[in-house]
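Dock chain one against chain two, each of which comes alone in its own frame, and use the hints as you go.
Taken in order, these protein sequences are the chains called A and B.
Residue numbering for the first sequence follows the working numbering, beginning at 1 and increasing consecutively.
Residue numbering for the second sequence follows the working numbering, beginning at 1 and increasing consecutively.
Source of the hints: derived by calculation from the structure; they are not laboratory data.
In this text, a Cβ means the ideal position worked out from N, Cα and C, and glycines have one as well.
Worth double-checking, as some hints may not be accurate.
To be verified - Derived contacts from chain B toward chain A, CB cut-off under 8 Å, selection only:
#1 M174
#2 A206
#3 R223
#4 M236
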Amino acid sequence: MTDSVDARGLSCPQPVILARQRMQSMGRGVFEVKVDTDTARENITRLAQKEGWDVEIREAGREYVLVLTRG
Amino acid sequence: MDKTKAFFGTRAGIVATGAIIGILAALLQKMGNPGNMGVCVACFERDIAGALGLHRAAVVQYIRPEIIGFVIGALTAAYAFKEFRPRAGSAPIVRFFLGFFAMTGALVFLGCPWRALLRLSAGDGNAIAGLIGLAAGIAIGVTFLKNGYNLGRTQKSYASVGWILPLAMGTLLMFLLLAPQMGDNGQSGPIFFSAKGPGALHAPIAVSLLIGLIIGFIAQRTRFCTMGAVRDIILMRDFHLASGVLALLAGAFITNLILGQFHTGFENQPIAHTDQLWNFGGMVLAGLAFALAGGCPGRQLFLAGEGDGDAGVFVLGMIIGAGFAHNFSLASSPKGVGLYGPLAVLVGLAFCFFVGLTMREKL
Chain A
1 MTDSVDARGL
11 SCPQPVILAR
21 QRMQSMGRGV
31 FEVKVDTDTA
41 RENITRLAQK
51 EGWDVEIREA
61 GREYVLVLTR
71 G
Chain B
1 MDKTKAFFGT
11 RAGIVATGAI
21 IGILAALLQK
31 MGNPGNMGVC
41 VACFERDIAG
51 ALGLHRAAVV
61 QYIRPEIIGF
71 VIGALTAAYA
81 FKEFRPRAGS
91 APIVRFFLGF
101 FAMTGALVFL
111 GCPWRALLRL
121 SAGDGNAIAG
131 LIGLAAGIAI
141 GVTFLKNGYN
151 LGRTQKSYAS
161 VGWILPLAMG
171 TLLMFLLLAP
181 QMGDNGQSGP
191 IFFSAKGPGA
201 LHAPIAVSLL
211 IGLIIGFIAQ
221 RTRFCTMGAV
231 RDIILMRDFH
241 LASGVLALLA
251 GAFITNLILG
261 QFHTGFENQP
271 IAHTDQLWNF
281 GGMVLAGLAF
291 ALAGGCPGRQ
301 LFLAGEGDGD
311 AGVFVLGMII
321 GAGFAHNFSL
331 ASSPKGVGLY
341 GPLAVLVGLA
351 FCFFVGLTMR
361 EKL
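One chain only, chain B, in its complex shape (with noise of 0.2 Å):
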């Protein structure tokens, strides 16, 4: 056990987690799941939020197995490490519009971090600017950061704190598989079902599950975070979590072009749009969010199965972001940008700030 705890934290073990995240979300794609989203916690949460009825936009509905996966893959790995550890308490209202904004500016780009990876590794040029941006939000944040910016600490808690995300997720696993008999075969609600466009592109389930809780054991030892990696590289020329994200940008890449999942261009891309200005501003917003939070929306999963109460507040907010992004015309779609996408990036981006350059108490 204590070897392989010790791999987990090399150079190595960071290397191979970006680089089996890489090869199994584009494995992900070709069993089933929509076009350069093999994995998109972003996506995916917007998915799960639509099928709860939260937006009623019907092409992304679905119960995401990959999210549920995530969480408990992660509590698994916690608990097998003895790394669980319940806490709650450092600005949960903070942390939960720092969710719910970030999913706004990765709605209007149309994806997370590892989506932005994935798009890029498939050939998508938009996600250049996506990226751009993303790291471009973070050095706001470093820049906080650096200016005693802080959410305040945590308290020990019950473990029943660490539960609760984990058991929602449970309860999510239970609708979907229930789904089908509640209703008019997932059409009619409480539960609803895409019938066609992204939300219906998906991997059977189980297989879906099983690459979730992969994924989140592996990234739960690792501390497999997108942020991080810009972040530390900015505050302090540390390289580890980058390495670990070339290598999931490397996984893809070369797995995408064995499955032919790899088309060059910018045009007609799937899930995305041309409209760079946005493409860039959206991830400027995510980013800094991200920072200000303290990891990517796949590290906030991860730290909520190993009992962080604060990171599930956040997970909440970023699932209700996306349904009041798509019920206010925030989120963006393959025609371009949603009517009040940029002006909610600013709204975001304000509350950003306000939070950045108000929450500097000393330690």
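Isolated chain A (complex conformation) (with noise of 0.2 Å):
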């Protein structure tokens, strides 16, 4: 089971925080977070890649999977 962070019906730039947080208490390895605005979206994926994390991301429905992972 991945971990998750749960950034849905949070506003700028409450879901750029928590994904910020989770990265830097991990470190290295693989989260989730989940967000359903595109500005979350694209704010979260921006700074994780400067900060050298990969992104992926999974469209379900009207919300996003993003998927963290850094080896």
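Structure, rendered in structure tokens:
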């Protein structure tokens, strides 16, 4: 079971803050972030890539699951 | 469509958006809008409040088509790119008062962040204290954010929820067009239009509306936000939004130079005062309120256009706040700070601290 951060329904910049906290506490590994706006998807993707994480985006209806990986 | 979509998310996309806003704002001034006020979300919502009779400052009453365009342009972009997400329910009453006090602070300074940039781009030195205040207010907001401040989650809702503010904007457009037939040419209500002063200065309706639509469309796509620009630098050293803000400044500066609208100095700047303490203080309050609400006034309009009912409540808070700001002598004028402006700023800051310190439920 992959670690999960639920950032659905949160307004800017909470989703990014939550994702960043998890990236910092884990350092490396895999976790997923659930978001429901395109802004949150873009912002988290941009930040994660800058911090050296790979981002895979899965669409789930009108929501997104971002899988962040760093080896 | 996918290529277009990708472009908007890039650095080039946000820079282009900022530059276009800066250039179009300077052009709007050339075509009739008030001095260094080609676009000002706070001032224009204040003018709308006046036009609806919510305040009696006769010089600042007009239904500004730019504001209508921002919301409808964002709505159009959101539908075109399948991003219309009707949602609401994240502490709306708090957002209302954040909008209320954001407007209070902006009217003590005399402008929203966009106008602060436009004033600077035209040589108004008084904007510097305002912009420093804005950054300071946002920095305080970031401290709250770092300590877990949040307004709670929104809920998905009916499409109608997202349509309320756009429909209200459509109604305003109708009032704008019908006003001359509704009373004494807009002088005696129910819709009031300034006969002199900034409210009487405006570009042709069609031009204002079209430019508003363009800005609303591209700003929704690129998430352009002046508050977010400063916040992202402080919070995570991210300069994405800031590059758009700098492009706005540059675009407006160059256009102002070309059009002869650039005049450096502190005295006698259009619709500005030289009380630097309260230029600073007003924007500390505005910046903090924007940071706590998650967007500058422009961004709140674009969010409202893409279905965010809470952003719509923030907008309403700003419009009602403008009514109070003039009725209660909180707003500044070129003569200086309003009688109760400084006190209102302190009350607003107290409100923001109350919200920032108490709304910290762990997610």
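Structure-based check of each hint:
About 31 Å separates the beta-carbon of B/M174 from the nearest beta-carbon of chain A, more than 8 Å, and the hint is not met. The closest approach between the C-beta of B/A206 and any C-beta of chain A is roughly 31 Å, which is over the 8 Å cut-off, so the hint fails. Residue-level restraint check for B/R223 holds (minimum Cβ-Cβ distance to chain A is 5 Å; threshold 8 Å). Evaluation of the B/M236 hint against chain A yields a held restraint, the C-beta minimum of about 6 Å falling below 8 Å.
In summary, the structure is inconsistent with hints 1, 2 from the numbered list given earlier, while agreeing with the others.
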